[in-house]
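K.L.:
Residue numbers (UniProt numbering), protein chains in the order written: chain A, 1 to 350; chain B, 1 to 350; chain C, 1 to 350; chain D, 1 to 350.
Since the hints were derived computationally from the structure, they do not count as laboratory data. These figures come from a predicted structure and were not determined experimentally. Mixed in with the good hints there might be a few duds.
Said to hold, decoys possible - EDC-like mimics (lysine to aspartate or glutamate), calculated; alpha carbons at most 20 Å apart, straight line:
1) D:LYS50 - C:ASP111
2) D:LYS284 - D:ASP263
3) B:LYS50 - A:GLU5
4) C:LYS50 - D:GLU5
Number of protein chains: 4
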Amino acid sequence: MSTRETSTAPVPMQWVGPLKVSGNVMTGSQEIPLATYESPLWPSVGRGAKISTLVESGIVATLVDERMARSILLEADDALAAVNAMAYLRSHEHELRDVVAETSRFARLIDMHHQIAGNLLFVRFEFSTGDASGHNMVTHASDRLMDYVLAHVSGVRYGSISGNYCSDKKATAVNGILGRGKNVVTEILIPRAIVSRWLRTTPEAVVDLNVRKNLIGTMLAGGLRSGNAHYANMLLGFYLATGQDAANIVEGSQGITHAEVRDGDLYFSCTLPNLIVGSVGNGKGLDFVEENLTRLGCREEREPGENARRLAVLCAATVLCGELSLMAAQTNPGELMQSHLQMERSKQSA
Amino acid sequence: MSTRETSTAPVPMQWVGPLKVSGNVMTGSQEIPLATYESPLWPSVGRGAKISTLVESGIVATLVDERMARSILLEADDALAAVNAMAYLRSHEHELRDVVAETSRFARLIDMHHQIAGNLLFVRFEFSTGDASGHNMVTHASDRLMDYVLAHVSGVRYGSISGNYCSDKKATAVNGILGRGKNVVTEILIPRAIVSRWLRTTPEAVVDLNVRKNLIGTMLAGGLRSGNAHYANMLLGFYLATGQDAANIVEGSQGITHAEVRDGDLYFSCTLPNLIVGSVGNGKGLDFVEENLTRLGCREEREPGENARRLAVLCAATVLCGELSLMAAQTNPGELMQSHLQMERSKQSA
Amino acid sequence: MSTRETSTAPVPMQWVGPLKVSGNVMTGSQEIPLATYESPLWPSVGRGAKISTLVESGIVATLVDERMARSILLEADDALAAVNAMAYLRSHEHELRDVVAETSRFARLIDMHHQIAGNLLFVRFEFSTGDASGHNMVTHASDRLMDYVLAHVSGVRYGSISGNYCSDKKATAVNGILGRGKNVVTEILIPRAIVSRWLRTTPEAVVDLNVRKNLIGTMLAGGLRSGNAHYANMLLGFYLATGQDAANIVEGSQGITHAEVRDGDLYFSCTLPNLIVGSVGNGKGLDFVEENLTRLGCREEREPGENARRLAVLCAATVLCGELSLMAAQTNPGELMQSHLQMERSKQSA
Amino acid sequence: MSTRETSTAPVPMQWVGPLKVSGNVMTGSQEIPLATYESPLWPSVGRGAKISTLVESGIVATLVDERMARSILLEADDALAAVNAMAYLRSHEHELRDVVAETSRFARLIDMHHQIAGNLLFVRFEFSTGDASGHNMVTHASDRLMDYVLAHVSGVRYGSISGNYCSDKKATAVNGILGRGKNVVTEILIPRAIVSRWLRTTPEAVVDLNVRKNLIGTMLAGGLRSGNAHYANMLLGFYLATGQDAANIVEGSQGITHAEVRDGDLYFSCTLPNLIVGSVGNGKGLDFVEENLTRLGCREEREPGENARRLAVLCAATVLCGELSLMAAQTNPGELMQSHLQMERSKQSA
């Protein structure tokens, strides 16, 4: 279709770490690539990674759920027709699964949700998608499901292949509540002495700041499931370096940081319910992406989905490193600006 | 701090267009660079751009507002101390302006807002920042303002240099309501015949889909000021190609598409109240970025701010092109998947 | 506990209508009681009710779903313990159902959802509750479920009997997405001539206003699933008159009005996914409430739940009447103020 | 217009307290009337009131702001016409103030905000309204402002007297950010021993629960500025007892509870930015309302606005009492259910 010449936008990239991870997906140390124009991100994440290597279990990353969603939009005769259509689909879920299974070796229909507003019916199909993030896989599957619906269900007509109840790359609540992408929780327990030496702060100061800034400050701003300082920065850097669709940082950034003082030490956690990542698929054919994924250990021979889960867990651990570091910095007056200025100077002298 | 080697993540980039723009900032035709792993974006935006060249005024882009914000967090003795602190700051706004003016040739304090929750005081300083997006400029200015506050205002203590009431790279309502970044509205009036030939749909179908998908669908999803199909995709591509901090697509994507049938023709508009872009500053020193900004006409000798406004308007017009094209495609069953498959095939045969 | 004297706040009440209803719950005409300090509400709802009697099917009210929810909060050792706890609960759902069934003749556990944030686990139990709105029934059941959890599941401790993921009387997205209360859609198709004569407007004007005000205006305001003009007014009046817990209008008001022009006529619908009403339980022992419920036909000998469903449908139809009337009024400059002034004068002359 | 007979819905009412208040509006002790079907509310608020009498300053209530808003909707030729219209209005603000001042002895225009989406212009007029909550006053004033706009501003047409950017009785973010109603913060510092004896819990338990339930739980639920347990309950009871438009509890309930442990004692605060109350106006002519307002000391000869401010402060203090009591109860397993059962038994034995 397009006969334009394709060049590249070479975004600066550094490997940081290693960070140390354990949990229900992987255990080990790993360096992480981050591509970004915001170079202070590298030492910031690096500081968090360093800390992870100093504590016994490192960052404990727990995969809670994984799924990809696409919601079609149907125009029904009226609300009753919409109710009846859903009843039909629920009683024929087996056939819907077959329709999906025929579209791909990996796509599997695992759940459905719906919304009815007046005569409009939004059906949110939820899939497992193997090692792919699954954008195209679920669009393709939903296309076939749409054909099935239009052929078998009376009283409904085509509205749209996507009805925004999915919801892709938009700030909504549905993804956090019903799930879209990998849902990963990362946790770390940091001894007080390490907090003091490496983060130049106290557990109490971090916990207080988290409540005031990430929870209350965001709430006052009219925030939507976005109780954190800057998940978006780490997600962008990681997504660009690994060939992900970085527009998904919109919903990816909707996560919550929770911290507690435990016996004088710092418990710090990041919950990322909408991590849309894949180790295969769009953006993955590029040489440097292949190389990065390989170096991350995400191109191994494994069961379908395992490489993507490893990738998600590493991404989430990276987010924790950057979040921890910035939060600690903001407990101290002037520190954020100082570190930025220091970066600028070191760049100029380089 | 970091002595790591910096390499690059070369994100694929194409120039699309030209698109045609008029309005209160610029008039003319312009090709646009988009860096993305999602190659179908190029022909999609290209289709919208083509249409803009076919109508008399092209895309009419109106700059509504511009400002950059940073909110500091203060811990007050109690709510009354917070009220008194704000009263002090309001009655000393002239001095605050002086403090800011000393930090930069371009930073100017233009407004303040605040929130009080219990004993917590969030002061949102709003600045003009010349041609820079202004992240660092406003952090630096806020650092000095914080010093001023701590030196002059009794009953308040340092909380954080950023209290999330700014709000940076998070899904919140405050930016759309109080403003952060450039606020740009883009509009186009497309004759029915052009809608039919180039978009293979009708004005009525686009308008209905917009109401059902972008307004109602998003609302059902628990969306926050996000009535659009995929602003995030165009923003990401444009931001990466022009050296912007692409994590700002989180709030940048919170905009609203509004369409109407007018005498049988299609009125189509995109409102983007949170476009955080700059033609100078972080990310702008890279050769390809300089080159792209130059080719976009955003490195001319102009009054401070004019290059950035041109950049914002071109960005917003690009968003309209991609939004229009996808919306039109989704009015037709199967079209979205078809165009993706076609792309895949053309890539494989290349 | 309290030995205070109980008096009453006699809120003014009128019966309006009758309105005409059909659909999957009931068919018939019914007058409706509304208790409110805002007396213009009566003629406003009355106008909508009148219109319902002029069209063949009246207001078509469709019950889409019904459930009541309570979410407990558990403190887990860590995220993995939370995951394991949920796995335990899902594999013992049968026992959980038994625990619930022992607490009441009517309470039945029908579904569970959960959220994990760091080491916090929120389990949202969803119940059917017969003819009761079910606030106390589900608290009682959740109390027993909490006992069960604490006795059987390792690694979790009591956090709270309610963790706000329920979510009761707060503006959230979860209720609309997962369901809480009755989910009722009401629809009416009004011939153009009736719109013109009784509402003094056109279908086009109502549709345009709905898009601009209820959808776009609310979205700009940072609204959350609240695309309507004033559902809260009708809900308050109906809830007070029928002994409901009127604080539930907070989530009850989170519904969406959708209108279309169909062959020149007006299709108008109200979707109310969070109607928390009951025909028995708290507030129902009062004489006037009994009387009102009886006159509404909601104290008949019927299968458990049927009286409550009738009540929900009548409530939703009442909402449509008031919404339609106000929307029509606001299409005409000055009409809203005129009708208020007219009311005031008629009160003064009375 | 309506010739129906008006009866009443006698909602059960009790006076609770007294509670003790100090701050920038009033100092003193005051009993409070609460009308509700949820009788456990009385002892619950009573417990909080008791505690307020045991600490030196009682509940410190700080009025932060007050205003009432109405947003008109204008259809502009295009976005530029909307921008020009706002420029015109801002440069003629003096005349707009005159227009408003002629509509009422008390209505004063104090600020304006606006939103532009495509060709739609929403102008949010903000007023002071003396002792009235001001619903009708601002509608009347906006009606005249609309006349002025249509007569003087070119390129805009009537859209609606209310464009939902006000925003009345809907769950939105705009009211908390721009202000609507009285903004009141209530705070109390409770010695550890009193927490232990009267609330049967510890400061730490309350603080932890507040973070987990009110902040994180609400955030997970997709909550919008609603970090509290049950403000809506107290607001409803207070509003009904004092003749307020109780549908305004929808936005009134959007407030935030913040608690801290201070030297072993409990700092507990409730922030209510959207308290829409008045001591005159609609609903105030009824005998029992007059009586209640008089007993509350809100019908005194004072400067305009002072009676309403006293009312707001008493309302906010009542909210704190109920919130504190419920939060304390939920720190203890089984306590909430126990107190409900106890109430039921005492009612049956009565």
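K.L.:
So, for every hint listed, does it hold in this structure?
P.N.:
Going through the hints against the structure:
A hinted pair counts as satisfied when its Cα atoms are at most 20 Å apart, and LYS50 of chain D with ASP111 of chain C does not qualify at roughly 41 Å. For a cut-off of 20 Å, the pair hint linking LYS284 of chain D to ASP263 of chain D is broken: about 45 Å separates their Cα positions. With a C-alpha separation of about 18 Å, the suggested pairing of LYS50 of chain B with GLU5 of chain A holds against the 20 Å cut-off. With a C-alpha separation of about 18 Å, the suggested pair LYS50 of chain C and GLU5 of chain D falls inside the 20 Å cut-off, and the hint holds.
Figure legend: structure checked against the earlier numbered hints; hints not met, in rising order: 1 and 2.
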